[in-house]
Amino acid sequence: MESLWPLSFDVEDEASPKEIVKFQIDKLEEITGGLVYAELIAEAQLSEFFSNTNYDFNYTMRIRSKYLATYSFAVFSLKHNIPFYPVDIVIEEETRKELGLPGMVEPKLKNEDELIEMLKKIFTSQRINKIIGTLIRMSKIEL
Amino acid sequence: MAGRYMKYLFWNTQKAKINSILEDLIVDTGSSIVGLAEYTDDINVLLHKLTLKGLRYYHINKIGCERIDIIAKFTPGLIEHLNESSYYTIKKIPHEKLGFHLVAFVHLPSKKHEDDTDYLFYAHDLKKDIQEAEQVSNNSYTVILGDFNMNPFENGMIAARGLHAMSSRRIAEIGSRRVKGEALSMFYNPMWNMFGDKTEPPGTYYYNRSNQINYYWHMFDQVIIRPTLLEHFEHDSLKIITNVNSISLVKKSGQPQQSDHLPIVFVIR
Chain H
3 MESLWPLSFD
13 VEDEASPKEI
23 VKFQIDKLEE
33 ITGGLVYAEL
43 IAEAQLSEFF
53 SNTNYDFNYT
63 MRIRSKYLAT
73 YSFAVFSLKH
83 NIPFYPVDIV
93 IEEETRKELG
103 LPGMVEPKLK
113 NEDELIEMLK
123 KIFTSQRINK
133 IIGTLIRMSK
143 IEL
Chain E
128 MAGRYMKYLF
138 WNTQKAKINS
148 ILEDLIVDTG
158 SSIVGLAEYT
168 DDINVLLHKL
178 TLKGLRYYHI
188 NKIGCERIDI
198 IAKFTPGLIE
208 HLNESSYYTI
218 KKIPHEKLGF
228 HLVAFVHLPS
238 KKHEDDTDYL
248 FYAHDLKKDI
258 QEAEQVSNNS
268 YTVILGDFNM
278 NPFENGMIAA
288 RGLHAMSSRR
298 IAEIGSRRVK
308 GEALSMFYNP
318 MWNMFGDKTE
328 PPGTYYYNRS
338 NQINYYWHMF
348 DQVIIRPTLL
358 EHFEHDSLKI
368 ITNVNSISLV
378 KKSGQPQQSD
388 HLPIVFVIR
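Residue numbers (the numbering used here), protein chains in the order written: chain H, 3 to 145; chain E, 128 to 396.
Be aware that a few hints might be false.
[Unchecked claim] Only pairs whose alpha carbons sit at most 27 Å apart, straight line, appear in this in silico DSSO-like list of lysine-lysine:
1) Lys-238(E) with Lys-110(H)
2) Lys-255(E) with Lys-132(H)
3) Lys-132(H) with Lys-142(H)
4) Lys-122(H) with Lys-189(E)
5) Lys-112(H) with Lys-123(H)
6) Lys-189(E) with Lys-132(H)
7) Lys-307(E) with Lys-255(E)
8) Lys-255(E) with Lys-99(H)
9) Lys-99(H) with Lys-239(E)
10) Lys-307(E) with Lys-99(H)
11) Lys-255(E) with Lys-110(H)
12) Lys-110(H) with Lys-24(H)
13) Lys-134(E) with Lys-144(E)
[To be verified] To list a few chain E residues with every Cβ distance to chain H over 10 Å, as calculated:
14) Leu-182
15) His-208
16) Lys-224
17) Gly-226
18) Trp-344
19) Phe-360
20) Val-371
21) Leu-376
22) Ser-386
Since the hints were derived computationally from the structure, they do not count as laboratory data.
Please read these numbers as outputs of a predicted model, since none were measured by experiment.
Quick reminder that beta carbons are idealized off the backbone N, C-alpha and C, glycines included.
Sequences are here, hints too, so could you generate the full structure?
Here it is as structure tokens:
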């Protein structure tokens, strides 16, 4: 029987939202000398109870600390289907307030540029800097 | 250092300058662990006043959860920081009899801008983080206390995917319930016993609204407990505090003054 598939597939050059965040996570660990790092955790789909929020891909970025091994703080969740965009980003409350984002409306990021712009705002926010600074200070006490 | 039983106190102080009352409340109740929401007074002054009375308390470091202050009789180094968000923080705290237990302090957003679905999400996230903390710590001696901004009967407190906090100890001791093929763990909520006016006050928060449904009294400040911890929970110790020595925390009408919330205390042996 003949193959019904095309001879090859178009592979997008575009980085996935996960890859973009992962790169930044690696940078955080580098900048803090490993004292503070982050994880991008794939979340299980929520039940039919929240069925209108199910996506093909759902990740949460959590900040952790090498010397406070059990601590974690969820900064945001990224949710998208295929294709990658638009991406919904659910940012933790105090960061969202600092960025002046409205109430419970989750920003929909239409493309890679918007995602990068939003990540930059989050990572340079006073809120996230304070949390990371506190973790670095506490880690140094543990050393 | 705490003795064979530990007393817990939680109070949403509504941004009042409340140190003098709080000092007496902590001394009077003998609480080892104190959670405070909307605390804006000077914590160092409070700790100093307690030290002058021969009581050493420590302010536990705040990392990501700014809304809640915790003071405890344990040095900060003995307390392990687990998952947290803007609205809750989970700590692993020593207990002389239990070894360690997990204490989650909660202050969920006010009802002004949130609806039932929002609270379901908050409850779901909290429960998920609790379960992760329990797994990481290999410990399910868990108690959650704080201002949930929900009544015990609201969906976020009751739903299996929410906090699944049951009014009946016997039901909670089942441990979990299968919903759509998934076992969902339970808590016991003793606050159900505090409703009504058989004993005063009928709640921890008073709000009179002009809508058709008006409860007047709400039970927003709660403690819920894992079934594994129930044999250590002293049911009769659970109280909503209305006075501290000669200072009344309620008006003649019975409504809260000093703060719009009343404190709760309880003991875990």
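Cross-check of the supplied hints:
{"no.": "1", "hint": "Lys-238(E) with Lys-110(H)", "result": "holds (26 Å)"}
{"no.": "2", "hint": "Lys-255(E) with Lys-132(H)", "result": "holds (25 Å)"}
{"no.": "3", "hint": "Lys-132(H) with Lys-142(H)", "result": "holds (15 Å)"}
{"no.": "4", "hint": "Lys-122(H) with Lys-189(E)", "result": "holds (25 Å)"}
{"no.": "5", "hint": "Lys-112(H) with Lys-123(H)", "result": "holds (16 Å)"}
{"no.": "6", "hint": "Lys-189(E) with Lys-132(H)", "result": "holds (11 Å)"}
{"no.": "7", "hint": "Lys-307(E) with Lys-255(E)", "result": "holds (17 Å)"}
{"no.": "8", "hint": "Lys-255(E) with Lys-99(H)", "result": "holds (24 Å)"}
{"no.": "9", "hint": "Lys-99(H) with Lys-239(E)", "result": "holds (16 Å)"}
{"no.": "10", "hint": "Lys-307(E) with Lys-99(H)", "result": "violated (36 Å)"}
{"no.": "11", "hint": "Lys-255(E) with Lys-110(H)", "result": "holds (25 Å)"}
{"no.": "12", "hint": "Lys-110(H) with Lys-24(H)", "result": "holds (20 Å)"}
{"no.": "13", "hint": "Lys-134(E) with Lys-144(E)", "result": "holds (24 Å)"}
{"no.": "14", "hint": "Leu-182", "result": "holds (24 Å)"}
{"no.": "15", "hint": "His-208", "result": "violated (4 Å)"}
{"no.": "16", "hint": "Lys-224", "result": "holds (22 Å)"}
{"no.": "17", "hint": "Gly-226", "result": "holds (16 Å)"}
{"no.": "18", "hint": "Trp-344", "result": "holds (28 Å)"}
{"no.": "19", "hint": "Phe-360", "result": "holds (24 Å)"}
{"no.": "20", "hint": "Val-371", "result": "holds (32 Å)"}
{"no.": "21", "hint": "Leu-376", "result": "holds (29 Å)"}
{"no.": "22", "hint": "Ser-386", "result": "holds (23 Å)"}
Violated hints, in rising order: 10, 15; the structure is consistent with all others.
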